[in-house]
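Trainee: If you want the building blocks of each chain, they are given just below.
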Amino acid sequence: MKPKHQRLVLAIIAFVALIGAGFIAAAALREEASYFYTPTTLAKAQVAPGQAIRLGGMVQPGSIVRAADGVSISFTVQDRDAAQKVAYRGITPDLFVEGSGVVADGRMRPDGVFIADSLLAKHDENYVPKELADIDMTAAEHTKDTIAK
Amino acid sequence: MHRFANPARFLRIAKPLTPALFWPGLVLMLGACAWGILATPTERLMGDTVKIIFVHVPSAWLGMGGWIGIAIASLVQLVWRHPLAGVAARAIAVPGATFAAICLATGSIWGRPTWGTWWVWDGRLTSMLVLFFLYLGYIALANASSEKGDTSRVAAVFGVIGAVNIPIINRSVIWWESQHQKASITLGGSSIDEAYLIPLFVSVAGFSLLFAALVLMRMRAALAEMRIEARMRRMAEA
Chain U
1 MKPKHQRLVL AIIAFVALIG AGFIAAAALR EEASYFYTPT TLAKAQVAPG
51 QAIRLGGMVQ PGSIVRAADG VSISFTVQDR DAAQKVAYRG ITPDLFVEGS
101 GVVADGRMRP DGVFIADSLL AKHDENYVPK ELADIDMTAA EHTKDTIAK
Chain B
1001 MHRFANPARF LRIAKPLTPA LFWPGLVLML GACAWGILAT PTERLMGDTV
1051 KIIFVHVPSA WLGMGGWIGI AIASLVQLVW RHPLAGVAAR AIAVPGATFA
1101 AICLATGSIW GRPTWGTWWV WDGRLTSMLV LFFLYLGYIA LANASSEKGD
1151 TSRVAAVFGV IGAVNIPIIN RSVIWWESQH QKASITLGGS SIDEAYLIPL
1201 FVSVAGFSLL FAALVLMRMR AALAEMRIEA RMRRMAEA
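Protein sequence lines correspond, in order, to chains U and B. With the first letter of the first sequence counted as 1, position 35 gets the number 35 in the numbering used here; the numbers rise by one all the way through. Heads up, the numbering used here is the position in the second sequence plus 1000, with the first residue counted as 1.
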């Protein structure tokens, strides 16, 4: 074996080993990062009340209720199979509209309501011009306009 | 591959190639940005904020593509001892780091109005920040040598190892479901409307040509410096 080939084989072995190590580490991290829940995984998981978790999903159309004090709101986060009631006090991001994605940090209250400390609006991978949006996002757009008014 | 090992032959090709990449790249980049900012419709939820995509996505691509380039060049340097590979890897580092930084900055500016935050410790954002730090580490390591033209093997090893981060960035939105949305453009197609997609591709092409021109410029400058040093050494010895 020529020295050049020896070096190539060594480099390939080292590279493959490193990629493998990276994937193993990432897989371990993936378990660690599982404090992120969707309504479906939250319903299955045994999360103790008061434990800090993160909840993500879609804001159920028609579920946003703003309290008389102007800063308290409650709404329902849903995914395809489950829904979760959420209560929040504070200013909501601009993209927080019914039908759009949301990520909330907070904890479960013993009565099963999720208390959000912070709300982040989530954007999906679709980029659609406003004039074409009527097809599937009518609800969100309508709500946004109503809120703007 | 060793046909271009002769720096003189490389320079003969690189010299006319630099402006041939630079000017079309500049025109495409500026044209795509103007098109994207002035002539694309507002997005259904993000409004005009969406237009930052025409800088953010090309920067992300070049930040990651730059390191892939460093890794390939470093591997070629380590295995085949190609004399220009180390020069190429070093030439990529600073532009690559710059685009990684632009990607982080534009992403942050985009995140404030759309997500409601400048920064979250999300898988995608964090791994991209790690890439930026890897660039800084690589630049420091490559410049640690006292001789300007020296292409040390330590930096090359670091360049190959650092490539582990690239698939992690790519897969981050799938492994860790969180704030950053999933990939819009995949092998299967695109979920970006054509109104944005076409100027985006033009922008990516323009930024990429500019990047290639910058790398060639830096390689030529590095080779010129090596020649100066060699000549000075000869004069000192004479």
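None of these hints come from the bench; they were simulated from the model. The C-beta atom is built at its ideal place from N, Cα and C for all residues, glycine as well. Among the clues, some could well be false.
Unchecked claim - Derived DEER-like restraints, expressed as beta-carbon distance ranges: (1) R1081(B) - P129(U): 37 to 45 Å; (2) L10(U) - A1238(B): 27 to 35 Å; (3) P1016(B) - F23(U): 39 to 47 Å; (4) P3(U) - W1118(B): 50 to 58 Å; (5) A82(U) - A1020(B): 27 to 35 Å.
Trainee: Tell me, in ascending order, the numbers of any earlier hints that this structure violates.
Mentor: When the structure is compared with the hints, numbers 1, 2 and 5 turn out to be violated.
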